[in-house]
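Kindly generate the complete structure, drawing on both the sequences and the hints.
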Amino acid sequence: MPFDKDEILPSVQALYDALDPHKLKELDHAIARWKGKPTALLQVMHVAQEVFTWLPEGALERISRGLDLPRAQVFGFATFYDHFYTDGPARHTLRICQSISCYLRGAPELIATARKELGVKPGEITPDGGVRFECVSCLGQCDGGPSVSIDDEPQHGMTPDKLRKLIRELKA
Numbered sequence: 000m001p002f003d004k005d006e007i008l009p010s011v012q013a014l015y016d017a018l019d020p021h022k023l024k025e026l027d028h029a030i031a032r033w034k035g036k037p038t039a040l041l042q043v044m045h046v047a048q049e050v051f052t053w054l055p056e057g058a059l060e061r062i063s064r065g066l067d068l069p070r071a072q073v074f075g076f077a078t079f080y081d082h083f084y085t086d087g088p089a090r091h092t093l094r095i096c097q098s099i100s101c102y103l104r105g106a107p108e109l110i111a112t113a114r115k116e117l118g119v120k121p122g123e124i125t126p127d128g129g130v131r132f133e134c135v136s137c138l139g140q141c142d143g144g145p146s147v148s149i150d151d152e153p154q155h156g157m158t159p160d161k162l163r164k165l166i167r168e169l170k171a
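Per numbering that gives the first Met the number 0, the sequence shown runs over residues 0 to 171.
These are computed hints drawn from the structure, not numbers from a lab.
Where hints are given, some of them may not hold.
Lysine to aspartate or glutamate pairs mimicking EDC-like chemistry, simulated, CA-CA at most 20 Å apart [claimed, not checked]:
1) Lys170 to Asp150
2) Lys170 to Glu133
3) Lys36 to Asp19
4) Lys164 to Glu133
5) Lys115 to Asp67
6) Lys22 to Asp127
7) Lys24 to Glu56
8) Lys36 to Asp67
9) Lys120 to Asp142
10) Lys161 to Glu133
11) Lys161 to Glu108
12) Lys170 to Asp127
13) Lys164 to Glu108
14) Lys161 to Asp142
15) Lys115 to Glu133
16) Lys36 to Glu25
17) Lys164 to Asp127
18) Lys161 to Asp150
This is the structure:
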């Protein structure tokens, strides 16, 4: 017996309805601005993530239709790159640099501290949705390492004790 795709896939309108209309308008503006340009998908994905703080299915569908790209291409692009989030929003993002200079200045201890304090591994979100924890290859703050950023704000001269305090403030 053939299946009815409408019974399996949520309607496109339902996906759009789940999103803030003002945010959708910003996304539509980015789509119109970049459509037809070679880097359109990358640019629009960055705008979508900035607007929504992650890439909800409705936004990906809107991008697919707006740029006239196959759904699989857009969803594949979103899930291939680590800096795009399809797993839901988090209130805060904690990034720890693990470049060689930060590594030598104590990044492994910071990573261990964050894992213990947050109760999650790098690449995960705390169960309450409070903090997304990431290890990145470079934050561009090599002179002040080991480098950490909270919501894209650099934190210099980080120590395990300072990080514990920051994490507790994020959780409060």
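Going through the hints against the structure:
Simply put, Lys170 and Asp150 have alpha-carbon atoms about 14 Å apart, close enough for the 20 Å limit, and the pair holds. A threshold of 20 Å between alpha carbons decides the hint, and for Lys170 with Glu133 the separation of about 16 Å falls inside it, so the pair holds. A C-alpha spacing of about 26 Å is found between Lys36 and Asp19, which places the hinted pair above 20 Å, so the restraint is violated. Only pairs whose Cα atoms come within 20 Å are accepted, and Lys164 paired with Glu133 is accepted, the gap being roughly 18 Å.
The straight-line distance between the Cα atoms of Lys115 and Asp67 is roughly 45 Å, outside the 20 Å bound, and the hint therefore fails. Between Lys22 and Asp127 the alpha-carbon distance is near 24 Å, which puts this suggested pair outside the 20 Å criterion. Restraint check: the Cα-Cα separation between Lys24 and Glu56 comes to about 16 Å, which is no more than 20 Å; the hinted pair holds. The suggested pairing of Lys36 with Asp67 holds, with an alpha-carbon distance near 12 Å, which does not exceed 20 Å.
A C-alpha spacing of about 26 Å is found between Lys120 and Asp142, which places the hinted pair above 20 Å, so the restraint is violated. With a C-alpha separation of about 18 Å, the suggested pairing of Lys161 with Glu133 holds against the 20 Å cut-off. This hinted pair checks out: Lys161 and Glu108 have alpha carbons roughly 12 Å apart, not beyond 20 Å. In summary, the hint linking Lys170 to Asp127 is supported, as the alpha carbons are separated by about 9 Å, within the 20 Å threshold.
Taken as a hint, the Lys164 and Glu108 pair is honoured in the structure, with Cα atoms around 15 Å apart against an allowance of 20 Å. Our distance criterion of 20 Å between C-alpha atoms is met by Lys161 and Asp142, whose separation comes to about 18 Å. This hinted pair checks out: Lys115 and Glu133 have alpha carbons roughly 14 Å apart, not beyond 20 Å. Proposed proximity of Lys36 and Glu25 is supported: the alpha carbons are some 18 Å apart, at most 20 Å.
Pair hint Lys164 plus Asp127 holds up; C-alpha atoms about 19 Å apart against a cutoff of 20 Å. Taken as a hint, the Lys161 and Asp150 pair is honoured in the structure, with Cα atoms around 16 Å apart against an allowance of 20 Å.
In the structure shown, a violation is registered for the earlier hints numbered 3, 5, 6, 9, in ascending order.
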